[in-house]
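J.: Chain by chain, the residues:
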Amino acid sequence: MTSPEDPTAPALQLVDLAKRYATGVDALRGVSLEIGRGEFFGLLGPNGAGKSTLIHCVTGLANPTGGTARVFGHDAVDNYEHARAAVGLAPQDINLDQFLTVFETLDYHGGYFGMAKRDRHERAAELLDAFSLTDKRDDKTRFLSGGMKRRVVLARALMHRPRLLILDEPTAGVDVELRLELWHYVQKINAEGTTVLLTTHYLEEAEQLCDHIAFIDQGAIIAQGTPSELTQRYAVSTLEDAYLQLAGRSELSRAGLTAEEGR
Amino acid sequence: MTPRQIRFWSLVRRELSRFWKIKRQTIAAPLLEAFLYISVFGAALGSRIDELHGVDYVVFIVPGLVLMSWALNAYTNNASSILQQKMQRAIDDQLTSPASPLELLLAFSLGGFVRGGLVSGITLAVAALLVDMPFEHPGVLIVSMLLCGAFFAQLGVLAGVRAEQWDDISFIQQFVLTPLIFLGGVFYSASLLPAPFDVLTQANPVYHMVGLVRYGFLGFTDSNVVVSLAVLTVATAGLVALNLRLFTIGWRLRA
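Chains as they are written, first to last, in our numbering: chain A, 1 to 263; chain B, 1001 to 1255.
Heads up, a few of these hints could be off.
[Said to hold, decoys possible] Simulated pairs of lysine-lysine, DSSO-like, Cα-Cα distance not exceeding 30 Å:
hint : chain 1 : residue 1 : chain 2 : residue 2
1    : A       : 117       : A       : 149
2    : B       : 1023      : A       : 117
3    : B       : 1023      : A       : 188
[To be verified] In silico contact screen, one side only, chain A against chain B (beta carbon under 7 Å); selected entries:
hint : residue
4    : 59
5    : 60
6    : 62
7    : 77
8    : 81
9    : 95
10   : 97
11   : 99
12   : 108
Derived from the structure by calculation, the hints contain no laboratory data.
Don't be surprised by glycine CBs; every beta carbon is placed ideally from N, CA and C.
Pulled out of the complex, with its shape left as it was, chain A reads as follows (with noise of 0.2 Å):
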């Protein structure tokens, strides 16, 4: 299955990606986006606009029944063994196995992509390092907070060096130290090529980092461009606000809020 990677492919390319599950709901209804190579990509949307599952097609933990994923050229389902082992997925919701400690779920999951024994024992010591858990190392996962167990989720998604890495709402109720190391990491790897693409409620966040947005509604992406593009074409001044004209709920903007606080 070794097929020549084309260079000048995206790092994610989709063409009208459907996905209707089994109880018939239509959760991507031809989604079609490009993501060009290391580019910082935010994917915004309300709670079941479908942000999970376009990242469950692309990674492989869910089959779309229609359209195509490509992930730097390779077809997620038909070339599979490339196109995953490009990608580095922290989920939103924590799946530790909590019969291993830290240390061991960045070792096994080094080693589901190949990685050799020296090189996966030296990346882990050197996330360890980065995510502040290198205490931590021999613990077992379901001994960890909260915060800890996020941290650890992050750090296996890196482990293997991905060149797309996917941020499934990373930080959901996690921390200010946290969330600001995340970033700082994060950009720094992004400024080294890697690929991201981050789906977060967190708007400002996604307006900092972020060097495209689309908003994604109801399984179909509704606005795209940069965030300076965007609050242009609505005429607001932030992306939230954008985004809260897309949602037709512009009354909800924050500077109504500080308004009727002021008087």
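Take the given structure of chain A and dock chain B to it, following the hints.
T.: Chain B only, in chain A's frame:
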């Protein structure tokens, strides 16, 4: 090792380390159970039972116990491991890796296969120290044991993939496997059964497995060795094909 070999070994290592970390439960407990059977049915009650087909009762039941150890441990290990990882969604780590459906299936199968083989092997080694165990047809014995282990390992994988709660796994074990094993002639010879049970028992796949293993040890069986081997091979291959298909389409693993 190539990256693919590292990947496969990591998947297997994960399954082996799971049962090894809780070896009191996964190795010691089933060993104790096997020795209780040998003690109670063999040593204590066996002295009151005449020889069966020319061997002491305790010698007669050891082949069935060795088989039962492999079968139940292979099944429970794989079913539990898969269900547990599904419930935690920790299995997504393997599912999002570049591993192929075949690699995943084999790795999940090998955990229980090895655990069952370990318990079964230790049971046999200790039984051989306590009583004089014959090994009449080692070739048939080894092939039969490996096939039986593979069959129940696959059955465990199937049950684990299908299961949505713990009850789904224990139901199959308590209401299907245990009756089939106990009625498969582990503790008695089918030739002692009254009609029509002597014929009905032949529909029980475990009867053929016990027959094969007993033939390997004692050189005696109620069943036809060639037919039993063929049926067991086809049944195991069928389960592998079914499981591979389920892993390929991601049934109850991928949305």
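J.: So, for every hint listed, does it hold in this structure?
T.: To see whether the hints hold, each was checked on the structure:
Between residue 117(A) and residue 149(A) the CA atoms are separated by roughly 24 Å; this keeps the pair inside 30 Å, and the hint holds. With a C-alpha separation of about 25 Å, the suggested pair residue 1023(B) and residue 117(A) falls inside the 30 Å cut-off, and the hint holds. With a CA separation close to 44 Å, the supplied pair residue 1023(B) and residue 188(A) exceeds the 30 Å bound. Proximity of residue 59(A) to chain B holds as hinted, the smallest CB-CB distance being about 5 Å (cut-off 7 Å).
Against a cut-off of 7 Å between C-beta atoms, the interface hint on residue 60(A) holds, since the closest Cβ of chain B lies about 6 Å away. Of the supplied interface hints, the one on residue 62(A) holds, with its beta-carbon coming within about 4 Å of a beta-carbon of chain B, less than 7 Å. A distance limit of 7 Å between C-beta atoms decides the matter here; for residue 77(A) the minimum to chain B is near 11 Å, and the interface restraint is violated. For residue 81(A), the shortest C-beta to C-beta distance to chain B is roughly 4 Å, which falls under 7 Å, so the interface hint holds.
Against a cut-off of 7 Å between C-beta atoms, the interface hint on residue 95(A) holds, since the closest Cβ of chain B lies about 4 Å away. A least Cβ separation of about 4 Å between residue 97(A) and chain B falls short of the 7 Å threshold, and the interface hint therefore holds. The closest approach between the C-beta of residue 99(A) and any C-beta of chain B is roughly 6 Å, which is under the 7 Å cut-off, so the hint is satisfied. Because the closest C-beta pair between residue 108(A) and chain B is about 5 Å apart, less than 7 Å, the hint holds.
Of the numbered hints given earlier, the model fails hints 3 and 7; all others are met.
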